[in-house]
Amino acid sequence: MSALERGLFFRLIERARRRSAWLFHFNAGSCNGCDIELVACLTPRYDVEQLGIRLEGSPRHADVLCVSGPVTRTTRAALETIYSQLPGPKVVVAIGSCPATCNVFAGSPVIDGPLDRIIPVDIYVPGCPPRPHSIIAGIARAIDLLAGRRSTVVEAGR
Amino acid sequence: MNPLRSLLALLVFPGLLYALPMGWLMLGMERKLRARFQGRIGPPLSQPFYDVVKLLAKWPVPRVVADRGLLIGLPLLAVGSMMGALTLIPVFAGESGFPGDLILLVGLLEMPALCMILAGYASRSIYGEVGATREAIVSIASNVPVLAALVALATAAKSMHLSEIAVAAPWTVRIPALLAIVFCLPVKLRLNPFSLANAEQELLAGPLTEFDGPLLALWELAHALEWVALTGFVATLLFPTRSGLWFVDALVFVLLSLVQVPLLTLLASATARLKIAQATRLLWRWGSAIAAVALAAALLVRHGGH
Numbered sequence: 039m040s041a042l043e044r045g046l047f048f049r050l051i052e053r054a055r056r057r058s059a060w061l062f063h064f065n066a067g068s069c070n071g072c073d074i075e076l077v078a079c080l081t082p083r084y085d086v087e088q089l090g091i092r093l094e095g096s097p098r099h100a101d102v103l104c105v106s107g108p109v110t111r112t113t114r115a116a117l118e119t120i121y122s123q124l125p126g127p128k129v130v131v132a133i134g135s136c137p138a139t140c141n142v143f144a145g146s147p148v149i150d151g152p153l154d155r156i157i158p159v160d161i162y163v164p165g166c167p168p169r170p171h172s173i174i175a176g177i178a179r180a181i182d183l184l185a186g187r188r189s190t191v192v193e194a195g196r
Numbered sequence: 004m005n006p007l008r009s010l011l012a013l014l015v016f017p018g019l020l021y022a023l024p025m026g027w028l029m030l031g032m033e034r035k036l037r038a039r040f041q042g043r044i045g046p047p048l049s050q051p052f053y054d055v056v057k058l059l060a061k062w063p064v065p066r067v068v069a070d071r072g073l074l075i076g077l078p079l080l081a082v083g084s085m086m087g088a089l090t091l092i093p094v095f096a097g098e099s100g101f102p103g104d105l106i107l108l109v110g111l112l113e114m115p116a117l118c119m120i121l122a123g124y125a126s127r128s129i130y131g132e133v134g135a136t137r138e139a140i141v142s143i144a145s146n147v148p149v150l151a152a153l154v155a156l157a158t159a160a161k162s163m164h165l166s167e168i169a170v171a172a173p174w175t176v177r178i179p180a181l182l183a184i185v186f187c188l189p190v191k192l193r194l195n196p197f198s199l200a201n202a203e204q205e206l207l208a209g210p211l212t213e214f215d216g217p218l219l220a221l222w223e224l225a226h227a228l229e230w231v232a233l234t235g236f237v238a239t240l241l242f243p244t245r246s247g248l249w250f251v252d253a254l255v256f257v258l259l260s261l262v263q264v265p266l267l268t269l270l271a272s273a274t275a276r277l278k279i280a281q282a283t284r285l286l287w288r289w290g291s292a293i294a295a296v297a298l299a300a301a302l303l304v305r306h307g308g309h
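In the order they appear, the protein sequences are chains A and B.
So for the first sequence, this note's numbering puts the first residue at 39; every next one is plus one.
So for the second sequence, this note's numbering puts the first residue at 4; every next one is plus one.
No wet-lab data here; the hints were simulated from the structure.
A couple of the hints might just be wrong.
Stated by the list, open to error - Here chain A is said to cover these stretches of chain B; the calculated rule only asks that three of the stretch's residues, wherever they fall, bring their Cβ under 8 Å from a Cβ of chain A: (1) 56-67; (2) 181-190; (3) 206-216.
Even for Gly, the Cβ is constructed at its ideal location relative to N, Cα and C.
Construct the complete structure from the given sequences, taking the supplied hints into account.
Set out below in structure tokens:
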């Protein structure tokens with residue numbers, strides 16, 4: 039991107055991205071099962087804030103977009119808006135089986151999913167719902183991708 | 004005011020070189036301690052530093068419906084006024100300042116809240132507007148006790164000079180005035196019982212909902228400096244004698260500032276967010292009552308002496 043992102047500066051930025059990933063959680067018609075498991079990651083038992091991860095209220099503050107649900111027709115426009123509002127570098131994590139395959143909702147006329155037909159997805163976390171461990175593992179993989187993103191060109195070309 | 008000394012105050016202590024790491028340390032302590040109070044391990048102390056670096060390195064998405072100049076200018080103004088406020092805080096003995104610097108300090112300390120209110124409206128977002136309204140209502144309510152307490156201190160010390168007030172105000176006035184100011188500290192720092200404006204999850208992110216990347220980093224910086232300036236201001240009032248040895252005074256100032264962080268965090272983790280009517284009622288009723296005691300004591304001290 040710029041000279042700022044090379045050498046020592048880039049190492050510092052990469053480190054900072056690794057240590058401070060802020061999540062935005064989008065419910066695209068999920069049954070709330072995955073949402074509860076995602077919130078469980080913030081509780082004292084799993085405590086993702088150790089990794090600098092924070093659940094943010096605004097998509098403009100976030101680095102990681104976590105989507106649960108099979109993307110219903112009514113949530114699609116909001117999902118596209120929110121994806122475009124996340125400042126880059128950004129990664130998308132599909133939480134649960136619904137955004138990956140539409141799960142039991144496959145073939146329904148009110149479903150526009152799966153998620154990767156609408157926005158690019160980086161990490162899939164399988165499960166119905168996935169355990170908090172696997173969600174944390176998926177987000178950690180997503181953060182690795184995030185730290186390596188170097189240019190807006192790559193981002194746009196994905 | 005000695006220009007070299009003011010430049011040192013602006014750039015070194017208690018200005019930029021001290022306030023930046025100190026602000027990050029205070030924010031880091033706040034997050035770590037809050038996590039510990041909730042039975043979690045929590046982020047490392049360096050977390051706020053990495054947050055700011057990460058935000059600075061983001062690629063912002065331009066917001067077309069809002070005035071770009073305002074969105075950039077307001078956080079810059081907030082950071083700048085906090086730097087000015089830090090420069091004015093009287094830490095050392097014989098610090099000259101200038102007559103009336105109390106008024107300037109009050110104005111500068113109020114700037115971040117004002118900038119945030121304007122930013123909430125300027126960002127043209129419904130969440131920003133609701134957050135800005137709340138911030139405006141709560142900050143008016145908290146300013147009544149704070150300003151009354153400062154008037155009481157100035158009256159009792161017969162001076163509008165910060166360094167003289169810090170040393171000369173008698174304890175009969177100082178204690179109620181300090182109580183009123185400390186009562187309003189969580190409001191100014193938007194901490195939990197009074198975290199109405201930035202109510203996370205409830206209002207997305209309040210006035211800052213539409214800020215991203217470097218501009219959000221500036222707001223985080225302003226918030227860190229706000230911690231240092233407000234706790235520093237209370238610290239100077241807590242400690243009326245200046246030893247004259249610069250390192251002793253500086254150490255006492257730093258320790259008294261740091262001591263307030265766990266106490267504020269404990270209050271924030273022990274309480275839930277108040278409703279706007281409850282918060283304003285609490286501030287108008289009890290905050291003003293304490294400040295009225297301070298004012299009465301100041302009038303007694305001033306006129307009893309003659």
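Structure-based check of all given hints:
no.	hint	result
1	56-67	holds (count 7)
2	181-190	violated (count 0)
3	206-216	holds (count 9)
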